[in-house]
Every structure is written in structure tokens, then in C-alpha cells.
Amino acid sequence: MNKINRVLVPIVFSLVIAVIIFASPISIKPVEAHITKVYGNYLVQVGWDNEPVYTGLPNAAQVTVKKGSGDSAQPVINALKDMQISVKYGGVTKPLDFLPSSTVDGQYHAVLIPTRVGTYSLVLKGNVENQAIDDEIPLDDVASVDSLNFPPSSGSSSSDTTNMGQVSTLINQLTGDIEDAKNNADAASKSVSNVVQSFQEVKNTTDSLYMISMTGIGIGIAGIVIAVIAITRKPQA
Amino acid sequence: MLLSAIIASGLIYTHPAFAHNFGGDESASWLAKMAEIRTEVSIVAKHVGDKGAIDYYSDALGEYWNANDTREMGERNTLLATEIPSTINATLDDAQKTGNENVVNDDITKLNDYLDESIPVRVDKDKLNNSTVQALAVVFVLKESLEKYGDAINSTVDLNDMSQMNMSGDHMSGMSNGMSMPSTIVDQNKYENSIGLATTAQSVFNDLAAKNTDKSDANAKISTALTKLIQDLNNKSDASTIMTDVHVNLHPVLISTYNVQEAAENSTGYTPPAVPEFPLPAILIVVSIAGVVVATRFRPRLGF
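Taken in order, these protein sequences are the chains called U and E. Numbering-wise (this note's numbering), the first sequence opens with residue 1 and increments by one. Numbering-wise (this note's numbering), the second sequence opens with residue 1 and increments by one.
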């Protein structure tokens, strides 16, 4: 019995330690939380470039497309040529422009700064080669960047409320200013358009005047020639 | 003198009054470059195992994608900067050494995919959707086609230089009877290449026209002009006929429809000089003087 205990106790102890380490919040998390979906003979993997994801920090949605299965799957080059991909947050969507990766064939990135905490997803519509895809795939949740801040950038909750009120006032003022600026820009744009049109009219008129003046000069020279001939010619008897 | 003046005046009105100077637009150049590389490799696929032809297209591709292109692409995407030239080389190697058309076609498919990927990397989205930039790309591809055709027929005039149309003695005869003697082809590869590039220009234009259905009348004219150009290239027409197809029938409509000249100015900050081919006012002066001289000299005979 003691012999069994001597063997079992270290094993159980080791297992308990291993469980504690892996379950611990300080354990190393997987670098990526990408989701792979299969469509016919194609694998489409989506995720964020940098995970975990925080609000306000530059990131990028990442899509990787491969053909085949398992380790033998081959990257599909120019995979997104017939594919429209949008990012969705709640009821809001935005089309994304994906560019090919600088390092991995068949991988594409669309730069994005998530501004809100919560769940984002990619909406895929189109074809990869001849495989039709119409799906929505969730991305890893976005956390608040506040969890990384130290020391906290704001004070108590009451001062937060005060700050929010000030921010709201500022936003209203800025909105008014932007509206005014937009109106001024529209007016300026119209003025420029008018100036360009006027300039074109002046150019056309100038061209016409140039032609007329040169013709006049020609006729004038001809007149001088006639005059010279008339003066130098001897009167006929 | 009067007669020559009248003839010269007549010549002025047979084609537009201003030469076309196209400036460089980097986005349009890139679009044209991609179309040109696609054209060259597609012709390579027809010459698998033909060392002479492949050597020619190797040189041509070396012009279209050089170390500078690799460097510029490397600034934005290192993978494409590596893969595009290496796939071009692989295509040429397989065409020459393996002689296997399927392998070459696989190389070409892969290369075309990389070229497609390079476009949004190199060309900004707003320019990519700009019809003027796309029209300028058509012009650039046509320019290459004319250059190749000029070499193919060993032409003494630069087919891309509109001003040399006036110097071409056979221009008038070509214009007047609507047909010309076939040219002698001295370089078959360049001849085939010129037709390939013109066909590509037509294809690029067709894509452009499909996105600009509001310009259907002008698009129809341009399409007809491109068809005529390709037909004349196939018929081995003389230089002046080809120049007339491009500089008289095609460019003016393309310029006015897609505002090509302004695009060149905006992209480079350089205003192409509008060079009159012949000063019309000078002709009028000559005609005026000649008229007075004739009237004075033959006044008794004319009865005044």
C-alpha cells in the first residue's frame, strides 16, 4: 500500500500542479484565436492580426484561404478577387479592402481600428475560384483598452460624468464647426468650378481673337505689299 | 505658291490641330505594365520549346519588369516583390526547358494571380476606379504596340510621334484611297507582339467601357477604331495607316471622352504643351499675300 502511495502521490501532485498552471490566469494564452470554416474543398480562416484585441489600437482583419485539407492544403493566390468582405458590429457594416500579406501566400489583411468593445464579425459574399461562399464568421471579442491603462486616465465616476458632459458640449460645438466648414467648402468648390468655366471661356475667346488678329495681320501685310507695288509701279502711259 | 498654300490648308483639316502628349501617370503605368506582362507570357505559352521566340519574350519581359519594379514593389509587399519576378523566370524556364505546355500554363495562371494581387497593393483605390486612369493605361499599351509594330516593319518614322505623320510621304495616298500596300515584316516576333498588345489594349478598353455605359456613343467609336487598328495590323498595313488609326481615329475620341490629357497633367504636375502641327494663321497670311499678288499680276486678264 505504501509502495502504491509512493508512486501515486507524486503523479497526482504533478497533475494537480499542471492543472493549476494551465488554468491559471497568468498562463500563456494561444497567440491566435482564429476560426477556420470549410466550404467545399476550400478552407477559410478568419481572425484579427493581433490578438487579444483592444479598442482604439490599430489592428487588421485577417483572412487566409487554402485549397485542400489538413497540412496538405495549398494557399489560394488572388483568392479574394471575386469576394466582397465586410466587417459587422451590431447592425453596422463596413466593406473592407483586403490586401495580400507580405509574408504568407493566400493570406489577406484589411487594416481596422475597432472602436467599441464587443463582438465583431466578417461577412463574406462571393466566390473563391468556383466555390460560392455566403457566410458570417465571428471574430475574437474586442476588449477595452482601459484594461491596459496604468495609472487610470480618469478619476472617480462623478468626475467621469462631469467629463462626459464637457465632452458632449465639445462634440456639439465641433459638429457645428464641421457643418459650417462643410458649407464653406461646398461654396468654395462651386466658386472654383465657376472660375474654371470662366477661364475656359476666356481661353476660347482668346483663341478666336488670336486667329482673327493673325488673319488681320496677314491682310495688313497684303495691303502693305499692294501699297508698295502701287507706289513703286510706274504709271502706265 | 497659292496652290501649295491651299494644299497645306487642306492637310490641316484632315486631322486634329494638336499633337497628343501623354504624361506619365504611375497608376496608369502600373495597370499598363500588368496588362503588358500578361500579354507577353500568354504569347510565350504559344511558343513553348521555341528558343528564339522565348529569348525575345524574355528580353521583352525584362523591360516590363526590371529591378526598379522589384524594389518599388518590395517597399509595399516583399512577397510579391519576390514571387512576381521568380514566377516570370519560372515561366520562361519551363517554356524553354520542359517544353510542357501544361506546366507553362500553370505558371502563367500563378503569375496572373500575383499580378492581380499587385494592383491594389500598388494602385490606390480611388485611382483604380478612375476611368481616366484606366483610359490612360489603354493609351500606354497602345504605345507599346505601335513601338513594336514600327520595329517589326523597320519603319523610319516613330509611329508614336504624331508630328511625323506629316513627314510621311505616303500619308496622303493612304488617306485618299483608303488602302495601302502591305508592309514587309522584318521581325516576326515583334509583329506578333504588336498584335497581342493591341488586342490587350482592346480588352482593357472593353472592361473600361463596361463600367462607363453612359458614354456608349464614344465607346462605340473607340471600339470601332481599335477593331480597325487590329485589322490593319493583321493586314500588315503601312506606318501611315496605323498612325492614322491611332492618332486620328482613336486618340482624339479617347482624350475627349475620358479626359486623358488632364489626367496626365494632374498626375505629373506637368502641362503637356499643345503643339500646333502647322500654324494656321501663317497659312492664312500666305494665302492673303498670294491672293493679292495673283490679283495684281493677272488683273488685266481677270477684267478688273
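Hints are supplied without guarantee of correctness; some may be wrong.
Ranges between beta-carbon positions, derived for each pair [to be verified]:
| no. | chain 1 | residue 1 | chain 2 | residue 2 | range |
| --- | --- | --- | --- | --- | --- |
| 1 | U | 69 | E | 97 | 30 to 40 Å |
| 2 | E | 224 | U | 93 | 38 to 48 Å |
| 3 | E | 256 | U | 144 | 55 to 65 Å |
| 4 | U | 69 | E | 256 | 51 to 61 Å |
| 5 | U | 207 | E | 52 | 20 to 30 Å |
| 6 | E | 207 | U | 84 | 16 to 26 Å |
| 7 | U | 141 | E | 100 | 33 to 43 Å |
| 8 | U | 84 | E | 259 | 25 to 35 Å |
Facing chain U, a subset of chain E residues (Cβ under 10 Å, in silico) [as the list claims (entries may be wrong)]:
| no. | residue |
| --- | --- |
| 9 | 59 |
| 10 | 62 |
| 11 | 77 |
| 12 | 80 |
| 13 | 115 |
| 14 | 127 |
| 15 | 131 |
| 16 | 215 |
| 17 | 286 |
| 18 | 288 |
| 19 | 296 |
| 20 | 298 |
Calculated from the structure, these hints are not laboratory results. No residue lacks a Cβ here, since even glycine has one placed at the ideal position from N, Cα and C.
Those earlier numbered hints the structure runs against, lowest number first:
Result: hints 5, 7, 9, 10, 14, 15, 16, 20 break, sorted rising.
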